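Enquirer: Take a look at the letters that make up each chain.
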Amino acid sequence: MNYSLNSFAWKEVTRSSAFGKSLATNIVLGFLALYFALNFLTLGLMIPKIIAESFPEANPVQIFNSYLLVYFGFDLLFRQVLQNLPTISFKPLLILNVKRSQIARYLLLRSLLHFFNFLPYFLLIPVTFSLVTVNHNPAVSIAWFLGITLMILTNHFLTIWLKWWINKSGYGFYIFLAVFLIIYAINFFRIIDLTRLFGSLFDLILVKPIWVVAVAVPLVAAILFNYRFLLGKLYLNLVEKKQKNSTVRDFSWTSRLGDYGKFISLEIRMIWRNKRPRTQFLMTLLFLFYGLLIYKDSGDGIPDFIFILGGLLMISMFSISLGQFFPAWHSSYFAMLMTQNFKMKQFLQSFYYMNVVISFVYYLLTLPYMLIDTRVGYYHSAMLLYHLGVNMNLIFLFGKNSKRALDLSGSSMFNYQGMGAAQWLITFPLLVGPMLVYILSKLVLGVNGALLLLSGLGVAGMLFQPQLFNYFTKAYLQQKHRLIKDYKNS
Amino acid sequence: MIEIRSLIKAYNKEVVLNIPELIIQQGEVFGLVGNNGAGKTTLFNLLLDLIVPSKGFVVSNQVKVQESEDWKAFTGAFIDESFTIGYLTADEYFGFIAELREMNQADMEQHLDRYNDFFNGEVRGKKKFIRDLSKGNQKKVGIAAAMMGNPEVVILDEPFANLDPGSQFKLRQLIRDQTANFGTTFLISSHNLDNITDVCSRIVILEKGNIVKDVPKTATTLREIEAFFTGVKEEVGFSLD
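Top to bottom, those sequences are chains A and B. Reminder that position 282 of the first sequence reads as 281 in numbering that gives the first Met the number 0, one-by-one numbering, no gaps. Reminder that position 147 of the second sequence reads as 146 in numbering that gives the first Met the number 0, one-by-one numbering, no gaps.
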């Protein structure tokens, strides 16, 4: 039975159209996985040296143990955002001769196959050998290793259980975040030294290995919670969430925006009412704080290059993150749009003007960074002009080759549905292009000249915008049948 | 008037639709029946320029569909649920389509008032996204939107499927009213022979991409078509033996 369940899940993953990851996506993902694995491995190899340098007096294993809670705390936080719920479509199983308990057990077991459950071992294994086994006998080392493995699994199942609960309530994530911050504060201000307490449990395991049983208790509890939750909730409404009446927000003011109003209001509703574009949009708001991170004077002034990067990311992140999928956001009803009496040009222009307005607002919002460094004003202005004149047109240029339909309801975190080589490629000229222009022209024209060149390119693009719109309209109309076919097939 | 001239659609040399000539007069209610995979939806997609024909062309009211976009101004269509926009409420969707068809608020209300009976109070004024409506109600939204702005040609693919018997009856009435009042040309496909013979003035049977029967509606049409389909079944059963 379990065998056929497994093969069912495997086929569901490999044959689903959403899986349709392109080669490019796989390569990028492979690189990311390798990158993180290598980082963890390097850190694991360096830790003994780091501890020996920073705490020459202390017992290195105890120091390591005292940091465990910090690791698992942040692990839990990141898992909240990045880890998915075990959602194979159990719908057809419900009416078959499979026991509910079997489905629940299976869902939980399968969820274990996650990158996050393997990543820590790249760090843990070198640390175990260099810090633990040298001073302790094998039985003790194994108990310690087992203890941490149990903690990793506890975090895994705790994440799933919290996510069920968070998904249900909507504001749950903020409660989780608040609790996380409170615990962090309690620990940070040493009201209760939780990290030490947690670390001493593992110290204890090193003395009396039998204490590893204590770590198993939360794991068993987390698994049981999940199991009982699934047994009780394994009905259709676990996956099918109906919209509550009260949350329909009215955007009728947007249709008063003249000729473009009807499409701009469609775009705004699309972004706000679907999970994937909405999270993507909210992320771009978060990106506005990126400047606090990178506009830092580390002694000899902020390198000018950083302003290009910051201006680019903060001002144009909205256009880039939504534009890389343009026009696939409308893929589910694209055929309908194509039978309607409207001009393709209006459709493109509406998207353009929406981006102009939002980029300009983001530009205004990032101007206060001038308090950190007045040069921000020049750089951001140049980037705004460049973005509107050049990058927006690149987005349209790449958009006409759009191939994959987008599932609007998916989450945006690590969601590669609808991602093809084109989507990866487009971010390249958008992000690297202006930097390259700046660096190269700076060599010849100097800083002011380079900024003028960037702005000039942008203004030139805007001056030719009417002609470019005509060109894109024609190009998109030529691609119409292919777009309809590809969206239907993906 | 819709003219279809030597229209062929083939995928990898497999011909799925082959219509040498077909002319549909203004005001005709044209019914299309046929087994699954007979090419009904393919024909509709070609009429709406959603796919490219391998050969031939379609002329709708003197507009060559494959070359000009002007047919959009006088054509309404509902093929499947993907013709509605899931994240809008029904009222917002009607508003959007009305704007595209350059109708004002009053025109739209007047049009939708005729559908109040059809909607059965479950569509308008509800703060519910179309994606959260039932399949049947989604279909009602799409059909009502397809007839907005009194288009001269309306294409409906399986409009009766998923509707309850009462709604099917009301839809038949709505289609009849529309042709009587505005001379609208309808192209309708259906698997329900009762509905199609009741509402249509002319019925065409498609079989593996070819027109095998083309008859005006008379008192005996229903029996003729039923005989055709049961006959096909018997033939297949016979050849298997």
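Just so you know, not all the hints are guaranteed correct.
Unchecked claim - Here are the simulated DSS-like pairs of lysine-lysine, each with C-alpha atoms no more than 30 angstroms apart in a straight line:
| no. | chain 1 | residue 1 | chain 2 | residue 2 |
| --- | --- | --- | --- | --- |
| 1 | A | K162 | B | K54 |
| 2 | A | K402 | B | K134 |
| 3 | B | K207 | A | K342 |
| 4 | A | K232 | B | K54 |
| 5 | A | K399 | B | K63 |
| 6 | B | K134 | A | K484 |
| 7 | A | K342 | A | K162 |
| 8 | A | K274 | A | K342 |
| 9 | B | K12 | A | K274 |
| 10 | A | K487 | B | K216 |
| 11 | A | K207 | A | K98 |
Source of the hints: derived by calculation from the structure; they are not laboratory data. Just so you know, these numbers come straight off a predicted model, no measurement behind them.
Enquirer: Take a quick look at whether K207(A) and K98(A) sit within 30 angstroms of each other, Cα to Cα.
Expert: violated (41 angstroms)
Enquirer: For the pair supplied as a hint, K134(B) and K484(A), is the alpha-carbon distance within the 30 angstroms limit?
Expert: Holds - the C-alpha atoms of K484(A) and K134(B) are around 24 angstroms apart, at most 30 angstroms.
Enquirer: Is K342(A) close enough to K162(A), meaning Cα to Cα at most 30 angstroms?
Expert: With Cα atoms ~44 angstroms apart, K342(A) and K162(A) exceed 30 angstroms; violated.
Enquirer: Is K274(A) within 30 angstroms of K342(A), Cα to Cα?
Expert: Since the Cα atoms of K274(A) and K342(A) sit roughly 28 angstroms apart, the hinted pair holds (cutoff 30 angstroms).
Enquirer: Verify the proposed pairing of K487(A) with K216(B), using a straight-line Cα cut of 30 angstroms.
Expert: violated (36 angstroms)
Enquirer: Do the alpha carbons of K232(A) and K54(B) lie within 30 angstroms of each other, as the hint requires?
Expert: It is violated: about 55 angstroms lies between the C-alpha atoms, which goes past 30 angstroms.
Enquirer: Are the Cα positions of K162(A) and K54(B) separated by 30 angstroms at most?
Expert: violated (55 angstroms)
Enquirer: Given the hint that K402(A) pairs with K134(B), does the C-alpha gap stay at or below 30 angstroms?
Expert: holds (28 angstroms)
Enquirer: For K399(A) and K63(B), compute the direct alpha-carbon distance and say whether it is at most 30 angstroms.
Expert: holds (25 angstroms)
Enquirer: Does K342(A) sit within 30 angstroms of K207(B), going by the straight-line distance between their CA atoms?
Expert: Distance of about 36 angstroms is beyond 30 angstroms: violated.
Enquirer: Decide if the proposed pair is consistent with the structure: K12(B) and K274(A), CA atoms, cutoff 30 angstroms inclusive.
Expert: violated (42 angstroms)
In this structure, the hints that do not hold are numbers 1, 3, 4, 7, 9, 10, 11, in rising order.
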